[in-house]
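Asks: Next come the chains, spelled out residue by residue.
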Amino acid sequence: MALCAVSALALAWLVFTRLTEGTGWLGFLLSAFAAFLVLLYIVTADRLGRLAATDRVMTVLVVTGAVILLVPLVLLNVYIFQKGLKALRLGFFLDDQRGITPVMASSAGGGAHAVVGTIQQVGLALLFSLPLGLGAAIFLNESRSRWRRPVRVFVDAMSGLPSVLAGLFVFAVLILPYASSIKIFSFNGLMASLALALIMLPTITRTVEVVLRLVPDGLREAGLALGSTRVRTTWSVVLPTARTGITTAVVLGVARAVGETAPLLFTAFGYDLMNANPTDGAQESLPLFVYRNIRKPDAAAVERGFAGALVLMLIVIGLFALARFIGRDRSKARTRKATRRPVRDATPVPEDAA
Amino acid sequence: MATTETIPAATPPPAADPVPAPTSARQRRVIQDKPARVDRWFDRVTLASGLFVLVLLVLVGFFLLQRSRRAIGGIGIIDFLTTEGWRTDVSPPEIGVLGLLTGTVIVAMIAIVIAVPLGTVSALFITEYASIQSRKYLTALVDLLAAIPSLIFGLWGFLALSGQLSSLAEWIGTHFGWIPIFEISKDANLTNSMFIAGVVVALMVVPIIASVAREVFAQTPPGEKEAALALGSTRWGMIRSVVLPYGKGGIIGGSMLGLGRALGETIAVSLLLPQVPALVYRILENGGSTVSGFIVLRAGADPFTTSGLMAAGLVLFVVTLVTNSLASVVVARSRSGAGVDL
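If you're matching them up, the sequences are chains B and W in order.
Each step along the first sequence adds one to the number in numbering that gives the first Met the number 0, with nothing skipped, and position 202 is 201.
Each step along the second sequence adds one to the number in numbering that gives the first Met the number 0, with nothing skipped, and position 218 is 217.
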């Protein structure tokens, strides 16, 4: 196989540079890869037959595809880290853009206003979408209404709603008609959080629903058989059992909302100074900070944008790791605990009576 | 830790909740649901929150329609759908969605053409080739890729990838220029093209396709896989004859979900494309625009433009809604078949 690769490289070099005078390393790589596949096929077919040769070639193709997917991920991370670290100082979390002029270095000023805005907007959005999403998920899974099917279809459709439309919706319904008369309906953080809630809602609903479906029916039946009402069963049996899953759903919803930029352009609008009041006036957020700075012509602003992008990236990766950590498989830890305290923790999960 | 975990099954029934009385007094027992009063409220509240989600989506469509009436009423719906440019400085204004919509569709198509093979192949790698230990981490990695904000993809594509890809575009253009869409004119600017935008969007779409396809592939009945292997087929033979036919619905559904996402992709595209609405067919050259990217760039203009943007948003809303509904039907059908085991 290695010999195949070497000869393919040699062949590609010969064809590419000597015979056709092609250009670019990417083209070279592509033709070398094609030559490698052909050679591999011929060699294996000669030794092991055609079936084995096809298998070998497909294995190489599949592995290459997976690697191609990984390479951009690594490159992207390296790029953002490299660029972002330059302008990321502690001051980034302490200062806003007060008194910043285009000639100043990128380490002057910071994005504290953006961080505060992001926390407030996403927090408020969570406040709106969590009860609703939880309610809708319980409705989908615990009730026997005939409206379940249409609601599920709509939740699915809503999760595919382009985020820009969520912003456009809030803009059309609240800001456009009422901004001049009612102050709370002008560009501010609250409107942004409404748009973000619209985006988080389907994510939370769907994830929670999947988790609720995993709760064994035996637990529900046990609760009902003991004479408790369905409310009681849901509240003190189903939800506590699914607690970790629900937390994961929340974290994933937050991770989705925290990086959204498009809806904020119509709602929070963006602002260069600290504004800690989400109901009054335009507010910045991290994605907006990045978006607005990256489009400015001066290099320092672009660097600041990269610092913001790095912070955003770290938040997303951190949230993601948190979700994995909460939702991790605890069966190992539990069995260890169970051997230590057999009486308290031996919670049987009666999936089937058999 | 242990003290916080109550044992659910052992929770005593609260005395306050009335137990439905058994109705065994009748001769023929009719089993009927007789919920307690709390339960009836429970039903109502959950029904309300479920219906709220439903109503919300209807409202989105309704308000977009209402706000766009001014623009559509001004020029007529047929003209709006068939005008390619966007000029408000002439009177009567010529605004239309055709140029934007073709741009959107072309970018999404490029993304899908790149992303479907990549996503399928990486799902195959995770389920069939990778070792069991690494499978978990690879799945997490794909999910993480899906969680990276599109802004960051756009940033990277805008400032780093664009240069790399334009040399590839040049190579394609010089060697495959005889195919009409790959045609490039001499000294054309090859940055900020729909091809580059399509590649960046493809990177965002791949994880979606990969995760749906992986889920379906993982449900392939092991019995059939083992049967194929036992009959002497190679690994690829097994995949081709068992896994792929079984997971076809997953691939198609995942691709359509990805298509929905690609159609609605906003920020990355608004950074990458010049957003000048016009019909552009040379995908390797500078130019192109998409509905969502255009909406973002023109936000906050005069009322008439805003109304036009709402109309464009409405078109996007309908297109993505149809795509996603079809996708979820396909995925649901492929999953319902998954229950049939040997």
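Calculated from the structure, these hints are not laboratory results.
For clarity, every value in this text was computed on a predicted model and none was experimentally measured.
Virtual Cβ for every residue (Gly too), placed ideally from N, Cα, C.
One or more of the hints may lead you astray.
Some chain B residues near chain W, calculated using beta-carbon distances under 8 Å [to be verified]:
(1) Ser30
(2) Leu36
(3) Leu38
(4) Ser106
(5) Asp155
(6) Met157
(7) Asn276
Taking beta-carbon pairs under 10 Å as the criterion, some of the chain B residues facing chain W (in silico) [what the hints assert, rightly or not]:
(8) Tyr40
(9) Thr53
(10) Thr63
(11) Leu72
(12) Gly98
(13) Thr100
(14) Ala107
(15) Ala111
(16) Phe170
(17) Val230
(18) Ala261
(19) Tyr290
(20) Arg323
Asks: May I ask which of the numbered hints given earlier this structure violates, with the numbers listed in increasing order?
Replies: 1, 2, 3, 4, 7, 8, 12, 13, 14, 15
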